[in-house]
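Student: What follows is each chain in one-letter form.
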Amino acid sequence: EAQVTQNPRYLITVTGKKLTVTCSQNMNHEYMSWYRQDPGLGLRQIYYSMNVEVTDKGDVPEGYKVSRKEKRNFPLILESPSPNQTSLYFCATKRTETYNEQFFGPGTRLTVL
Amino acid sequence: GENVEQHPSTLSVQEGDSAVIKCTYSDSASNYFPWYKQELGKRPQLIIDIRSNVGEKKDQRIAVTLNKTAKHFSLHITETQPEDSAVYFCAASTAGRRALTFGSGTRLQVQP
Numbered sequence: 001e002a003q004v005t006q007n008p009r010y011l012i013t014v015t016g017k018k019l020t021v022t023c024s025q026n027m028n029h030e031y032m033s034w035y036r037q038d039p040g041l042g043l044r045q046i047y048y049s050m051n052v053e054v055t056d057k058g059d060v061p062e063g064y065k066v067s068r069k070e071k072r073n074f075p076l077i078l079e080s081p082s083p084n085q086t087s088l089y090f091c092a093t094k095r096t097e098t099y100n101e102q103f104f105g106p107g108t109r110l111t112v113l
Numbered sequence: 001g002e003n004v005e006q007h008p009s010t011l012s013v014q015e016g017d018s019a020v021i022k023c024t025y026s027d028s029a030s031n032y033f034p035w036y037k038q039e040l041g042k043r044p045q046l047i048i049d050i051r052s053n054v055g056e057k058k059d060q061r062i063a064v065t066l067n068k069t070a071k072h073f074s075l076h077i078t079e080t081q082p083e084d085s086a087v088y089f090c091a092a093s094t095a096g097r098r099a100l101t102f103g104s105g106t107r108l109q110v111q112p
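Just so you know, the sequences run in chain order X and Z. The numbering of the first sequence is the working numbering, which starts it at 1 and goes up by one. The numbering of the second sequence is the working numbering, which starts it at 1 and goes up by one.
What the hints contain is simulated information worked out from the structure, not anything from laboratory work. Errors might be hidden in some of the hints.
[Claimed, not checked] Restricting the straight-line Cα-Cα distance to at most 20 Å, the calculated cross-link-like pairs of lysine to aspartate or glutamate (DMTMM-like) are:
hint, chain 1, residue 1, chain 2, residue 2
1, Z, K37, X, E101
2, Z, K42, X, E101
3, Z, K57, X, E53
4, X, K18, X, E1
Okay, chain X solo, but in the shape it has when bound (with noise of 0.2 Å):
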């Protein structure tokens, strides 16, 4: 079955924990991409990358860290949380070229105390 899963789903932390949502596919696509979902905001793009070792920011990239070591996992990386990432993060990956659907992981919900 072709999925993307998130780990882990609900996370509460305090401030200045380093933490690490990961994210995988078996869908082989080259195309992954981590967003957050916050009320009236939408979904806003923090980091994507293109393929292996290719990363580049998106909207939001402050306070988030990201590595593309292998072509199925995509973790994000918060070195040093605060209360203002408090949020739904999503995971979404796709074939590369624009036309293509993009397919979201289930969703982490992180609390920043």
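With the hints as your guide, set chain Z onto chain X.
Tutor: Below, chain Z without anything else, positioned relative to chain X:
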């Protein structure tokens, strides 16, 4: 960069009525416009999309129209049903960046 504005933010209709959600975009180079539906507690899922070389596309009860000159596109849902209740997001993509810029979402409520 691209900016996508979406209206209205909430929309309530009676079952069987039509619903229209409108979006405008800023980058004239944008050439792909998908619409996503997000049910409560679920992930966004693509429901329909349109490319810049097409003015209208229809899939059963849903249709999307695109006016490139005015830089706006709209989602039309006819004969609405309670299961259409969800948040709908429009988005725009520019080929060079291959990223999606989303609107802020419209919460549609269909009253039975």
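Student: Which earlier hints turn out false for this structure, listed by number in ascending order?
Tutor: Failing hints, ascending: 3 and 4.
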